[in-house]
Structure formats: structure tokens, C-alpha cells
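Peer 1: Here is how the chains run, residue by residue.
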Amino acid sequence: MAPVLQSSQPWVEKYRPKQVKDVAHQDEVVRVLTNTLETTNCPHMLFYGPPGTGKTTTALAIAHQLFGPELYKSRVLELNASDDRGINVVRTKIKDFAAVAVGSGHRQGGYPCPPYKIIILDEADSMTEDAQNALRRTMETYSKVTRFFFICNYISRIIEPLASRCAKFRFKPLSEEIMSSRILHICKEEELNLDSEALSTLSSISQGDLRRAITYLQGAARLFGSIISSKDLISVSGVVPQHVVQALFAACKSGDFDSANKEVNNVIAEGYPVSQMLYQLFDVVVEADISDEQKARICKRLAEADKCLVDGADEYLQLLDVASNAMRALCNMPEEFPHES
Amino acid sequence: MLWVDKYRPKTLDNLIVHNDVAQNLKKLVTEQDCPHLLFYGPPGSGKKTLIMAILRQMFGPSADKVKVENKTWKIDAGTRTIDLELTTLSSTHHMELNPGDAGFQDRYIVQEIIKEMAKNRPIDTKGKKGFRVLVLNEVDRLSREAQHSLRRTMEKYSASCRLILCCNSSSKVTEAVRSRCLNIRINAPTEEQITKVLEFIAKKEGLQLPSGFATRIAEKSNRSLRRAILSFETCRVQQYPFTNNQAMPPMDWEEYVSEIASDIMKEQSPKRLFQVRGKLYELLINCIPPEIILKRLLLELLKKLDAELKHEVCHWAAYYEHRMRLGQKAIFHIEAFVAKFMSIYKAFLIATFG
Amino acid sequence: MSKRSTIVVSSSEDEDKDGSFNSKRGYSKCKSRRKNPSGAKKARISGSRPRLCRDSSVFDEMRLFCEEFGEGLTGFKVSAGSSRCGGKELWVDKYKPRSLEELAVHKKKVEEVTVWFEKRLRTSREETCNLLVITGQAGVGKSATIHAIASHLGARLCEWNMPIPTIWQEHLHNTNSGIRYTSKLDEFESFVERMRKYGIIPPSFAGESKSPVILLIDDLPVTNGNASYRRLRNCLQLLAQSTQIPTAILITDYGKADSADNIATARCLEELQLSLENAGACKIAFNPITSNSIKKTLSKICRQEQCGVTADQIDLIARSSGGDIRHAITSLQYFCLKPDPKLSLSFSEPARTYSKEKSDELNPLDDGFSLPFGRDETLSLFHALGKFLHNKRESENAIAPGQEAFLVSERLTRLPLKMDAPERVLCQAHVQARPVADFLHENVLDFMSEEAIDDASAVASYLSDSDFLLAAHRGMFATSYEAGNVLQSAAASVAARGVLFGNSHPLASRWHAIRRPKLWQVEQSSLHNKCEILGQRLVALSTSNISVIATEYIPMFKWLRYGASGGFEDYQALIQGNETELDDNDSMILDEKENEISDDEIEDW
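Residue numbers (UniProt numbering), protein chains in the order written: chain X, 1 to 341; chain V, 1 to 354; chain W, 1 to 605.
Simulated from the structure, these hints should not be mistaken for lab results.
Ideal placement from N, C-alpha and C gives every residue a C-beta, glycine not left out.
Accuracy of the hints is not assured; some may be wrong.
Restraint-style ranges between C-beta atoms, simulated for each label pair [said to hold, decoys possible]: (1) V:ASN222 / X:TYR154: 33 to 43 Å; (2) W:ASP446 / V:LEU349: 16 to 26 Å; (3) V:GLU259 / X:ALA288: 50 to 60 Å; (4) X:ASP27 / V:GLU69: 54 to 64 Å; (5) V:LYS220 / X:ALA288: 46 to 56 Å; (6) X:SER204 / V:GLU31: 22 to 32 Å; (7) X:ASP256 / V:THR243: 33 to 43 Å; (8) X:SER229 / V:SER62: 49 to 59 Å; (9) V:GLU69 / W:HIS512: 47 to 57 Å; (10) X:ASP311 / V:LYS271: 30 to 40 Å.
This is chain X alone, in the form it adopts within the complex (with noise of 0.2 Å):
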């Protein structure tokens, strides 16, 4: 990071924990890879879990005790999504990487420095198919003096023949109250004032996702100065405010399609964004006080929309097909049309 921006540092970096023991809410894990820092003796990993539980944390953690910041460069190859990991790099990089030979396994600087390197492939799931084919060759051809990292969301992505050489470390979804403390460290760090209803708003609108959590923090601390409010953590967030989902779901209780129509323009024009809209009205149909039948015809128009957003469907088309989908099953409308040849 360039000095001039000093300031700009994302916290998600800033506060990463340095060390293994560190790492919040991860005890399991934690206690294994304690170990393994001592015997410095580590198998090829993968770690897997939701996002924002401290996978890459972990990761680079490990790294850094094992080499320190001096062989940290030579020793430790880091690539992720954003780079281009098809399977030429795979093939060329990556086992130039692995190919090179490493020193002794020397104490440096009071750091293990064990003899390999390690290669860091954060989010892994996206990887092709053909690269991790590509892949385990190299694992195996050169296991003597690389250790791999895999990180992923989904480990059913990650083709077996890869897993099966891993040992496996899930992360869990941190608690709300690790979150908070975590949370309430960083604001006495940055002198920020959060109250109490902010900070349990945080915990709800990151959902167990602390970079997210803290992402919003920083957000929120930088528009907004020092003293924040639920309001403002809301806003940067981009969680649609409850009062507006819940008067799109009293437009389609009450069984008027204009009146539902005006919500969803409002919805459209405020400029919120449909899919969170859409994960928020789950919500609410959810606990909402109807029958079963109903909830099941609503909740299975949201998930085609949310998956028609995903295509690049148009939002305002879709939410409102969904508000008439609901009304229909709130006002207990047949479900198919009664036109239809």
C-alpha cells in the first residue's frame, strides 16, 4: 500500500488477525493448525465455509509464522479468482512456482521456515474443471516441496481427486456475539461511537459474514463520520429498510394490483436493489401469518425471479410478477390462469 493512502487501508486488512490463535470462532481448526505450526509439519489443506469466517485469514496467518516476512515472498504464492487461473496458469505458473527448489529447513529469525513452499489458491470453486485436473498432476509431482491451500464457498465444487488429498478444515458461520466483540474491538480502535441498536443491526444485516460486517463499518464510518446510527449502517449496506418490504407485502395482502404496482415502482425508483429486496420479502413471507400452501406458491415464484435476476432479467418486470404471484396466493387466487389455452 502506497503511504499517500494510508488511511484508505481497508480495515478487512488492517484488523486481519496476524496469527493462527487469532482467528475468532474457528477453535477446531485453530487447535490443529496450532499444532502443525509447532511440528511444522502441514498437509496439503482445504478450507472451506461461508464467507467472511476467517478461511483466507487462516490461510495467510499460517503462512507468516511459517516463513516471516523475509522467505514470505519467495516461499508463499497467493492467487485468487481475479487472476487468471485457467489451466495454462495452472500448467506454467504454478508449477514454475513449485518447481524451484527451496533451501534448508533453517530457523530464520525465529520463524519454522520448514523446507517448501506453499501455494495459496483462494476460491478455489471457481477454478475449471480441466485446471484442477491439471492440478492434482502437479500436487503430486512436486508434494515434496509445495504444500497447497485450497479456499472455497463450496467444496462440492472442488472435483474429489483434489479433496481426498486435503485435509479438510470447515469453517463455521461466526456467532453474533463473536461478531460483536470483534466489532466493538474495531470501534474503540477507530474511535467510533456505535450504539447498541447499530451494532445488533450490523450483526443482522451481515448475516455471520464479519468482512462484510466490517466492510460496512468502514463504509459507514467514512460517509457518515465517527458517530453512527443503524440508519446509516442500513444505507450503506444496501439492505432495503423494513418498513418498505413490509408495505410491498401489505399491497399484495390487500389484493390490489395498482396499489401493489405503485409499491414496486416505488421500490424500483428508490433504487433499492431487487435482489436483496427479494431475500428480505422471503423473510417476511416467512414468518408472515399465512398457510403453508401459501408461503410454498410465494416462496417458489422468488426463487425463478431471483434466479431470472440472475440472468439479467429486468427488475422491475420481476419484482413486480412476483407481488402479483404473491397477492394471488395471499388473496387465495387460483394459481393458473383462467385464460390460458
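Starting from the structure of chain X, add chains V and W where the hints point.
Peer 2: The following block gives chains V and W in isolation, referenced to the frame of chain X:
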């Protein structure tokens, strides 16, 4: 000069609309700590205006000295080199472009430009900031791959360049990009705010504004400020002094769509469908985006329908619009929607009136 | 491939060799050719320097081939009679029409062309445009007609043939030997340039012949991409304006486009024709030759060759040829191929299999599709489309209701189709899915009954499905070719079957022209407009996206400048007008800025 440009706010002070956001942004920028920004909100809400104002706030008047050029990038994409041409708007401190125009090659353009900008980083002379700003419009039109590469480059070059992203819907921007930016939602101005702006312009132009006239324009503008100011100016050209019952000059394509809608309502037959197709072609030739045609058509049809039918029609509109995104030829899908509507409507008429 | 065992001279040969060549020609079996007046001599002018060669027109193709070959290997003498074919020659060449009477082309067309040439040759050449464009699909006798007319009028024929494309290896070879590669387009351009400057003054002919000259340009150079296409167009227009001698340009029609490639070419050619016509050229379109005249020609050949082909077979060949006489004759020759004891040494294997195949094929003559000949491609696209659109069905369900495996509701039942399975028809038509979908989309509404909007809706939704499948194909193309193929056929099948199924009340059979999809044109002009807008994005608008410009700014400009009268077309001019104005304003902005600080106006929203 068009009023839209003439009365575009130049600074972050004293805005009629989005003043609170502007104040926060000003604070953000003056504290010399500017993260990547992502502006999202419906069209005509003032995103572009705010961005321009921020740039001016950051760099002073030199941000205004922009030149438009068609730049060509030679991109080495492994096995072949690709030539890409894009229109850019740049000053010494920033560059603005629509990467979506590059079509399938968009991911190369993002990487390449940022790399280039990072290289040609302005030298730190006293008081000058050592980074440039890249304004990317319509990031929601970028492909997944492009957004992916955007995210990496954002991290890699964050010391030398700042990104300001601008899009209509943030759901189409990947979480990875969103989480690396400060997200700023720009909502469409309310009708009252639009009315205020129009009154402000009228005062500046020295126009007599009958009471309620501005409100009427605001109502018709669909909460788009740009739209409102544009139609205000056309009204001025059409007839001045204003009268309260003066007709708003409609957008020709919108009239055309409403014509199509009434065609459809009048007769439902393959022959009519064929005529409608001809009209749709006309719109497409004139570059009206198909999804806008479809949305407008739905709007016009909803106006005329019984509540009973509305659900069904809006379902099919959503269905075919989604299809259209996935398909290649928009006309197939718009036409399928029209045909579907005709079929439904005819069945409805028969059921109701025998 | 070859003619009699004559020696064809390579182009570097000159006059006296030519003489010997002529004398050799005396031995030719076909006497009738000798009757041709000397006008059959022709000059071929090719690329860098004019090569002149006197030859009877029948030699054309062969000689040309050899000449090109000779050009590649300078000084090489090539003997054309390749040992393999011995004394045989292609019937197409052997029975090439020698006189107007022999032409299978419609009398009227021949007369039209003749009259045109007569007029041009007689009158002064100053005023009128001396360009004649003849179009028609391959093998309808375009060049034959010109040749015949030239000999009829006693005119000398100068011909610019489409040079044989240089093959890559050949090109490499040439570069090694120091020969520069010139594109065919370049050659054509320089040819036209020379034509314009000097006319045709072939020195070797100077004293010898006072006969009038006709210039024949047989097929235009292939153009790829816009730039070269534009060059060709300019070149042709130049030619149209300047040519002093009557010139005939032959353009082979690919009108019935069947593949993406051809679609593009066809569009280009169409535009070219238009531009030529605008330049004053006269256009005559040759229709496919009727099967009757083909039959006549074929029977004549049969008589002369004394091969026993029944009238039925001739009829079949004629019908399946699709109006392409050249193809019909070739088919006939192939058909009459008998295991020849002399040939059996050299290629006994294929010959035997051919004959076996043939005997198999002769039996099921009724089944037109299994025959090895038949120009089915272009014809069948329309054929197939016609089948789908007309949607002919049996009048009643052949299968007794009890036998059906499962019952479908009445709404969904359809009578059996009076045709092969749609997939089979598609397969026979050799077409890609995209054009099928486009054509069906364009035409299907014409074939629906007045009231059947439900059908229209069903069909439209199937076509939408098909388009969706096609687009999915596009995305997968890179990763899996196989999957792409399956999707393609699925899409075509959905489109075809959708049309068949959806159109449950097809109109009683009546004649409808099948239109070319207007969609293609629409797409093009839309793209063009888009580029225009993008290209002219003004300073103020440069940051706006295209949809905003199209939907908000452009209509608004219209109101501002043109009032209600302004059509959509005006906007380009408008933007341009606006651009200059904005430029002025630009400087204003800068000026204003100085003031701004002082008067501190708040111009905010």
C-alpha cells in the same frame, strides 16, 4: 445548450436534490480518504451529476477540461490480439468510459485500462493527489468475467487509481465488487423535488410558470429528473407563455408504443400480429432497447385492462423479458408476448361478452 | 477434368505456339465447334500483365486452370490430358451450346441479351451505360449465353475470369520464389483501372481483327469484410461509368441463402447489383432452367452418347437438378458411368462400387432423396420451409384410437403429418437452425387462418423457445462443440415442430411467396444506427448510454428543432447540427467558469 446541462450542478454544495448525500461525499473527499465508490439508482436520478461534482471537488476546475476521444487498445488475449475501440472522456485526472460497449471483450478492456492508468500515474507534485480516477458507467452491463477481473484489478492497483462505478441496478453487480466499494444509493428524486428544480430553472430563465404546471411535468416524468427537464424545455419551445392545459410533447417512441397497444386491444388476429411486428421493427431500428419497449407496452396495456387480467399479463411480460435476455433475437420474444396477450385477451372477451 | 489429349499451353507461350495449337485443334472430334466464326477467339486479361491467348471458348476453364498453374510455376509446360481420364471429357464441355439455338436458356432472355448487345455494338458508345448485369443461380447458362451471343454477333470476347484463389502453400512457395502475392481484388482493381485508361488494346490483335469487342466479367472477386467490399463497389461503379465497350458482368445468385456465410455474401451481392443498376447498368435475371428444357438437352446428349437412359430417369435427373443444367449434365454423365474395361485398371475399385450403387439406386427411383445427384441444398430450404408452413396433414387419423399408447386431450391431438419427420426434412435441407427459425418466424403468420390467434401465440412461444436454445448454443460453443450441435438441431426441431403443432388450423393450400426474413435487414439497420449514435456521441452525451440517448435525447431534439413534423430519420442530421453547436458552447463553459466564481450562482438541482 440544453437546460439539462446548463443547470447541472457543478459543485457538491447547495443541491436541491440529494443534498445530504452530497454533503457526506464532500466530507469523504476532502478528508483525502476516498475509497472506491459504487453509485446505483434508477436512470435520471443524478448519479452522473454527482460523480462530476465529486471529480471537481477532488481536482478542482481542471477536472472540467475533458477531451473526448476514440481510443484503441491492443489487447493480448493469449493466442490472438484483439483491437478494441471505445469512446473515452478524459481529463488529466480521470477517465470515463462505458466498458459495456465493448461487448464480449469487456473483461479485457477493464484489465487493460486500469493497468494502463496505473502505469501512467501522475507524478506526485506538491498538493496533487497521486492517483487517477476511473469512472466506469453501466457496470451492471458487464459480464461476470469482466466483473471478476475488475475486482482483482481494484485490489491490485488501489494505490494508483480509484474507481467510481455507476450502474442502475446493484443486483447485477457481483457481491465481490460491491463489497469492495462504498455503495451509495441514489434514489430517484420525488415529484416535489422535481417540481422545485423546475421552478428553479424557470426562475433562472425568467419564465412565467403557471401554478401546477411544474407539478404536471413532474408527475409525467416518472421520477426522472432528466426526463422532466427535457420535457420542460420542449414545452418551452412548443408554446410560451405556458398555459395550464398545454399538452406535454410526448416522446415519439412512447406514442408509437401506445399506438401498438391500442392496435392490440382492437383486434386479435395473426394479421394484426404481423402489423404489430412491423411496428416493433421500426422501434428496434431506431435503437429503442427491446426491454424498454416491452416494459412500456406492458404499462400501456395495464392501463386499459381489468384487474383480473393484469396478473396474467404481467406474468407473461416478466416471462418473456427474461427469455429475451437469454435469447438472441428480441423480436421473437416481444412478439411471443404480444401473441400471448392477444390470445388471453380474446379468450377474456369471449368469456365476458360471449 | 480434361479435354482431348491436346496440349494446353501455359500462358508464357506466344503467338506461334498458338498457331500450332490451332492446328492441333483440327484433330478434335467435335467438328461443330469449328464452324464458329473467328470471334470465338478471346483475350483473357489477368492480373499484372495482360495475357493473351487465342483459344476457342470451350477451352476456357481448362486453360484457365492450367494458366494459373503455369503462373505459379513459371515456364512449366503443362499437358492437360491427364492420363487418368484418357479420351473422356466432361460432357458439360463437350455439349456446351455453340449457337443460340442450342441454348437451353429461355428464348426471351436470350433475345433480350442479344438485343442489348446488338444495340450497344451498333450505336455510339458515348451516352449510354455499357454495362449489363446478368444474375442467376449457378449453372443456368449465363456465360454460355454470352459466349454464344458473342459468336453469333461475330464479336470478340474479352474475358476476365475469377482467378483461382492462391492456396496458402502455393503462396509460401511463391514468396520463396519471389513472386508477390496480389489479392484477387487488387488484380480486379488494376484491371478495371487499365480498362478505364486504355480500353482494350491488345497489341497482338491490333491489326488482325476489326470485329467488335465484348468484355465479359465472369463472377466478381470474393470480398470479405466491409473495406474490401466497398473497394469492389467503387471499382464497379467506376467501370460502369467509364467502360467504352459493352460489358457483361455475371453474378451468381446465392439468393436462397442457406448458411451464414452465404447470407452475408448474398447481401453484399444484392447491394452491389443495386448500386450497379443505379449507375445505369441494365440488369437481366436468368431464371433456373425449366426441367423441360433440361430434359430436352439431356435426351439429346443421350442420343449422341448412345447410352440407354430411360425417359423416367432423365426426367428425374432434370427435376432434381433444380434448374442447374450444368449439374444435370454432370449427373447424367455420372449416371451413365459404366464400368469401362479400359479404366478398370486405374480406378477399378471406385468404378465398381459406383456401378453397384447405381444399380441399387435405379430401383427406388421414386424416392428422390436417395439419389446421389440432385441439387437439393438451396431448393430444399424452401422446400422444407414450404412443408412446415403449409402443414399438410392426413384427413383422418390412420391409427385406430384403441391402438394408441396413450391418449392426449383433444386440444393437443393433431392429425398425422403428410411428410417425413421434421427432423428428417431439416436434415435433407442441410440448413442451420438459425435461418430456419428466422424464415419460419417471418412467414408463418401468412399461413394461419384469420381467427387463430391462439395458434399464433403457440407458434410464437415455440419460436421464442427455439431462439432461446440457439442463444444457449452460442454460449457453449467454445466449450463443447458436440453439445452445440445437439442444441442446434434441437432448436431447429423445436422451431419446425412448434410451427407444425401450433398452427392447428392451417390455411387451405394456396400459393404464398416465402419472404426473406425482414429481421436481418432490421438488425443491420439497427446496428448501423447504433454505430452512428455511438460514433457521434457528443461531449454532453458522451457519458450517457445508448438507451438514454435513443429514448430521451433523440425524441426531444426532434421536438426542439423540427416540431411534430420531424421523422426519426432526421435525428442524425440533427445530432450533427447539435454537435457543432455544442462545440461552441464548450468554449462557453470555459468562459463561464471564470465568471462562476464571482457571481457564485447556484445552479443546482
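Peer 1: Compare the structure with each hint and give your call.
Peer 2: Now the hints, each set against the structure:
{"no.": "1", "hint": "V:ASN222 / X:TYR154: 33 to 43 Å", "result": "41 Å, holds"}
{"no.": "2", "hint": "W:ASP446 / V:LEU349: 16 to 26 Å", "result": "25 Å, holds"}
{"no.": "3", "hint": "V:GLU259 / X:ALA288: 50 to 60 Å", "result": "42 Å, violated"}
{"no.": "4", "hint": "X:ASP27 / V:GLU69: 54 to 64 Å", "result": "58 Å, holds"}
{"no.": "5", "hint": "V:LYS220 / X:ALA288: 46 to 56 Å", "result": "36 Å, violated"}
{"no.": "6", "hint": "X:SER204 / V:GLU31: 22 to 32 Å", "result": "29 Å, holds"}
{"no.": "7", "hint": "X:ASP256 / V:THR243: 33 to 43 Å", "result": "35 Å, holds"}
{"no.": "8", "hint": "X:SER229 / V:SER62: 49 to 59 Å", "result": "37 Å, violated"}
{"no.": "9", "hint": "V:GLU69 / W:HIS512: 47 to 57 Å", "result": "52 Å, holds"}
{"no.": "10", "hint": "X:ASP311 / V:LYS271: 30 to 40 Å", "result": "34 Å, holds"}
Comparing the model with each earlier hint shows violations of hints 3, 5 and 8; every other hint is respected.
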